Amino acid sequence: MTSSLPGFLFAIPFFAAVVIPVVGFTNQKFCRPIALGTLVSLSIVSVMGLSEVVSHGPLSHEFGGWAPPIGIEWVVDGLSGLLMVAISIVSLISLVHAGPLVEKELPGRVIPFYSLSLLLVAALGGMVLTGDLFNLFVFLEIGSLASYVLVGVAGGRSLHSAFCYLILGTIGASLYLLGVGYFYAETGTLNMADLAQRLPEVIDSRAVLTGLLFIVLGLAIKMGLFPLHGWLPDAYTYAPNSCTPLLASVVTKVPLYAFVRIAFWVFGMTTVSTQIPILVVLGWVGAVAAIAGAYLAIWQESFKRMLAYSSVSSMGLFMLAFSLGTETGFAGGLFYVLADTLMKATLFGVAGAAFYQCGASTVTDLVRLRQNMPWVSAALLISALSMVGIPPTAGFFGKWHLVVGALEAEKYFAVAAILVSSMLTALYFFRMFQRVWAEPLPLVEAHVLETPFPIKMSLGVLTFGLIALGLGSDLVMGLIFESAIPKGF
Amino acid sequence: MMLFDDYLLLTLVIVTALGAVFVRDLFSGVLTLAAYSFFLALLWAGLGAVDVAFTEAVVGAGLSTLFFLVALFLTSHQEEVRKQFKVQMMALGSLGILGFLLLFGSVDLPVVGDPESLPSKHVSSHYLKKSLEETDTPNVVTAVLADYRGFDTLGETTVIFTAGIACWMLLRRRDDSAT
Amino acid sequence: MIRPHDSVIVHTLARVFIPIIQLFALYVLIHGHDSPGGGFQAGTLFAASFILPVIAFGIQGSLTVLERRAIILGGIGILLFAGIGLIPLLLGEEFLNYGELPIPGMEASARRHLGILGIEIGVTIAVAATAVSIYYSLRERGEGEGN
Amino acid sequence: MADIVLYRPHFVAFIILFLLGIYIMVVSLNLVKKLIGMYLMQTSIILFFITLAVKKDSTIPIILSSATAVTPEAYANPLPHVLMLTAIVVGVSTLGVSLAMVIALYRQYNTLEEDQILGKMK
Chain X
-9 MTSSLPGFLF AIPFFAAVVI PVVGFTNQKF CRPIALGTLV SLSIVSVMGL
41 SEVVSHGPLS HEFGGWAPPI GIEWVVDGLS GLLMVAISIV SLISLVHAGP
91 LVEKELPGRV IPFYSLSLLL VAALGGMVLT GDLFNLFVFL EIGSLASYVL
141 VGVAGGRSLH SAFCYLILGT IGASLYLLGV GYFYAETGTL NMADLAQRLP
191 EVIDSRAVLT GLLFIVLGLA IKMGLFPLHG WLPDAYTYAP NSCTPLLASV
241 VTKVPLYAFV RIAFWVFGMT TVSTQIPILV VLGWVGAVAA IAGAYLAIWQ
291 ESFKRMLAYS SVSSMGLFML AFSLGTETGF AGGLFYVLAD TLMKATLFGV
341 AGAAFYQCGA STVTDLVRLR QNMPWVSAAL LISALSMVGI PPTAGFFGKW
391 HLVVGALEAE KYFAVAAILV SSMLTALYFF RMFQRVWAEP LPLVEAHVLE
441 TPFPIKMSLG VLTFGLIALG LGSDLVMGLI FESAIPKGF
Chain H
212 MMLFDDYLLL TLVIVTALGA VFVRDLFSGV LTLAAYSFFL ALLWAGLGAV
262 DVAFTEAVVG AGLSTLFFLV ALFLTSHQEE VRKQFKVQMM ALGSLGILGF
312 LLLFGSVDLP VVGDPESLPS KHVSSHYLKK SLEETDTPNV VTAVLADYRG
362 FDTLGETTVI FTAGIACWML LRRRDDSAT
Chain W
55 MIRPHDSVIV HTLARVFIPI IQLFALYVLI HGHDSPGGGF QAGTLFAASF
105 ILPVIAFGIQ GSLTVLERRA IILGGIGILL FAGIGLIPLL LGEEFLNYGE
155 LPIPGMEASA RRHLGILGIE IGVTIAVAAT AVSIYYSLRE RGEGEGN
Chain R
1039 MADIVLYRPH FVAFIILFLL GIYIMVVSLN LVKKLIGMYL MQTSIILFFI
1089 TLAVKKDSTI PIILSSATAV TPEAYANPLP HVLMLTAIVV GVSTLGVSLA
1139 MVIALYRQYN TLEEDQILGK MK
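Protein chains in written order, with my numbering: chain X, -9 to 479; chain H, 212 to 390; chain W, 55 to 201; chain R, 1039 to 1160.
These are calculated hints, taken from the structure and not from any lab test. Be a bit skeptical, because a hint or two may be false.
[To be verified] Simulated pairs of lysine-lysine, BS3-like, Cα-Cα distance not exceeding 25 Å:
#, chain 1, residue 1, chain 2, residue 2
1, R, Lys1158, H, Lys294
2, R, Lys1094, H, Lys341
3, H, Lys297, R, Lys1158
4, R, Lys1160, H, Lys297
5, R, Lys1094, H, Lys340
6, R, Lys1160, H, Lys294
7, X, Lys94, X, Lys446
8, X, Lys477, X, Lys19
9, X, Lys19, X, Lys94
10, R, Lys1094, H, Lys332
[To be verified] Looking from chain X toward chain W, a few residues come up when the C-beta cut is under 8 Å (computed):
#, residue
11, Ser(-7)
12, Ser(-6)
13, Leu(-5)
14, Gly(-3)
15, Phe0
16, Ala1
17, Phe5
18, Val8
19, Phe15
20, Gly47
21, Phe53
22, Gly55
23, Pro59
24, Glu317
25, Cys348
Just so it is clear, the structure is predicted and the values come from calculations on it, not from any experiment. The beta-carbon is built from N, C-alpha and C at its ideal position, and this holds for glycine as well.
Please build the complete structure, drawing on both the sequences and the hints.
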């Protein structure tokens, strides 16, 4: 059903991102209101889009007025609508949270910060909604350029980690483009739906196999899957605290969405798991990644580096969930992606607030959190419980559906991997609990200023969202089962 | 199709690429890279891609070399080459696998220049047949670039705009941006 | 930083070449429809014609202020491009659908022809201004800024 | 394997350039030399796409008169040309950002060699 809603989903963040530097030169105070107003309207329009998709089915928008194989088409269906809502809401909260941090960390660079953040949100929205493989590459590049710079803007060590992220990211994007080139050489089309129809005839040609392998390799670098995650720990540890909630919670999940879209919608469930057994290989890679990421996180002294390795571990869990091959496994994986987006945004928000308030960056000096920041430590407690998987929070239901899906698929190595990685996660989070809550308070009474309202409000909303997502998990799972499951299950 | 000039241009391209990489002084490396871009532009003009050749000559050779030279002026010209044996072996090994994968995948690719291959039949025949009557532009590449796939071009302009904002954010002095 | 070039040859050649480059860039932009060329090539040529005087004649005061604001011109170029695309969306049609541009008395293909010319101009302004802005940022050595 | 070299010399050139570019990006310690490798890798992919667009004895895709019916075999395939215009501009933009980072790093650590930078960071 063609509608102009996807057009507005692109136009809103794009126009704001371009207007901000133009307006910002006259008066710097306008940037933040424009950015937040844009993201509020983007969230409203994406929620409207999701409700329309649930009631009337997928919405499509043909750019330039040309039908799909000729022109470029955007499709909002259950999966992309859900992710678009998650992206817009989490980026809104991250920008609210980043307000005071930007004033302190990047004093002269407020205008470009808001412009690049909105360009990043527009690029992520573009990657999620597009139905054209080359269009996805263009938005992948916009999003990557914005995130390289947002990582490297704090200077010194973050510049070097941003340079490594740029080199690895460019190799990943070029491998993806090469894979699209192989598909184009075999089928002559770039549109995903058209490609899905034309693939069965050429499925056994070696060019399609290598094309899929290159796309998986390229996207694995972009999403930080275990063997290719080299850039992720340094990038998230040294990135400025105003940028990490947005970067860590959403930027690595969109390449994962692109892989799921290509593997399940373009290739179809049966071809990807039997004819070209790439899902089985990725299942094993996900299992190893989940365990290795959690194991590496135990030894980290810096709080943000520990969270970075836990992101590597949860990316392994997502890949494991999508490769289970059962409906509950797929739906559980998607639910856990949403839950993890909220969790990572909260945890990195807490890390940013701790550094902003009392310069705490290692796990041991988080104890100052308990001393003079009740709000922030409450957010830390709830999000840590959710990462470990304690019932009322969304993390528990996510892992619960993952285990049920794995048992249904009789993949016992997957069940073992999920349980072992959860235990390791519990280990390093309880170590953190012990350091923060069980240690005696340091005697010296450090003078600490009151947490600014935007940080308190955003962490509060995120924590409330975690618990609401947990309690309303059957509602969200119902939505996923109804409109976000690919054919062929 | 396999005229003499293709083989000549291809060897020139590879020789200048090797030159740009294995020369020690960065300044001459960058200038060899400019030569590499010009030979590449000639090769593409020979293959019928005149718009891409024009862009590569102007944007690829002109702008990239300008950016490289400005960067080299502000930093140092010399590169101290040091052998790091372990990394080289690891890189050669993984690139060997990647190279085998490329060759393995290339067997089923359409032969260069065969008009029956799918890319030249499926979507592009519509562009060639209909573009003059639908958009009044003889140059089909401009028609496809601006109209049929105009959204890609908007994304592309946004990429260069993002690079502009990024360079402003990374390098500008603190005082001049607080206007 | 980059001092003005001292040799007379560079000065005279630059003085001769700059208008030729700009004329050629205009030709490339206007004739993008029926000969190789278009927005990106014309924009880069315009950028070259703005950067050449800075290299040849050194930095004049006014030019530096213009260069610092170049990113705004880039934004305006993109707004022109996306604005032309937004009009059909506001009229209920698809984004970037030039056939529906509200130009009276023209059939769809002539409107598309005009739409393409319009966005080529937008792309040229955006690419020229952004390339100059990137050049200015790269050359700008903030003394003691050391972020 | 021999027919690849004979019938697809462009493809062999693409493989050589692509692997050379990645090799230099990974192995070399000098930041600017890595960017030269990145530039080679990106332009080699453009070479791969353009060889897909070639048709035997066809002219450039510019159709002057619509009087005679257009036979697609007579003109080169325009779609990869459009895609590669985008790829060239993406390559230049990535190069601009990475050179900005190199200059900022040089301003801070006064060297272009990665191991010296790592040494100074400790």
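These are the hints, each one checked on the structure:
1. This hinted pair checks out: R/Lys1158 and H/Lys294 have alpha carbons roughly 20 Å apart, not beyond 25 Å.
2. Distance hint between R/Lys1094 and H/Lys341 is fulfilled; the C-alpha atoms sit about 22 Å from each other, no more than 25 Å.
3. A hinted pair counts as satisfied when its Cα atoms are at most 25 Å apart, and H/Lys297 with R/Lys1158 qualifies at roughly 23 Å.
4. Of the supplied pair hints, the one linking R/Lys1160 and H/Lys297 holds, its CA atoms being roughly 23 Å apart against a limit of 25 Å.
5. Among the hinted pairs, R/Lys1094 with H/Lys340 is consistent with the structure: their alpha-carbon atoms are about 18 Å apart, no more than 25 Å.
6. Taking the CA atoms of R/Lys1160 and H/Lys294, the gap is near 23 Å; set against the 25 Å cutoff, the hint holds.
7. Restraint check: the Cα-Cα separation between X/Lys94 and X/Lys446 comes to about 17 Å, which is no more than 25 Å; the hinted pair holds.
8. The hinted pair formed by X/Lys477 and X/Lys19 fails the criterion: a straight-line CA distance of about 49 Å is larger than 25 Å.
9. Restraint check: the Cα-Cα separation between X/Lys19 and X/Lys94 comes to about 15 Å, which is no more than 25 Å; the hinted pair holds.
10. Taking the CA atoms of R/Lys1094 and H/Lys332, the gap is about 14 Å. The hint holds against a cut of 25 Å.
11. Of the supplied interface hints, the one on X/Ser(-7) is violated, with its beta-carbon coming no nearer than about 10 Å to a beta-carbon of chain W, more than 8 Å.
12. Evaluation of the X/Ser(-6) hint against chain W yields a held restraint, the C-beta minimum of about 6 Å falling below 8 Å.
13. Taking 8 Å as the C-beta cut-off, the interface hint given for X/Leu(-5) is violated, the closest approach to chain W being about 10 Å.
14. A least Cβ separation of about 4 Å between X/Gly(-3) and chain W falls short of the 8 Å threshold, and the interface hint therefore holds.
15. Evaluation of the X/Phe0 hint against chain W yields a held restraint, the C-beta minimum of about 7 Å falling below 8 Å.
16. Checking X/Ala1 against chain W: minimum C-beta separation of about 6 Å stays under 8 Å; hint holds.
17. This hint holds: X/Phe5 has a C-beta 7 Å from the nearest C-beta of chain W, less than the 8 Å allowed.
18. Hint on X/Val8 holds. Least Cβ distance to chain W is approximately 5 Å, under the 8 Å limit.
19. Checking X/Phe15 against chain W: minimum C-beta separation of about 6 Å stays under 8 Å; hint holds.
20. For X/Gly47, the interface hint is violated, the least distance from its beta-carbon to any beta-carbon of chain W being 19 Å, above 8 Å.
21. Proximity of X/Phe53 to chain W holds as hinted, the smallest CB-CB distance being about 5 Å (cut-off 8 Å).
22. Hint on X/Gly55 holds. Least Cβ distance to chain W is approximately 4 Å, under the 8 Å limit.
23. Checking X/Pro59 against chain W by beta carbon gives a least distance of about 16 Å; that is not within 8 Å, so the hint is violated.
24. With its C-beta approaching chain W no nearer than about 35 Å, X/Glu317 sits outside the 8 Å limit, and its interface hint is violated.
25. Hint on X/Cys348 is violated. Least Cβ distance to chain W is approximately 24 Å, over the 8 Å limit.
The earlier numbered hints that this structure contradicts are 8, 11, 13, 20, 23, 24, 25.
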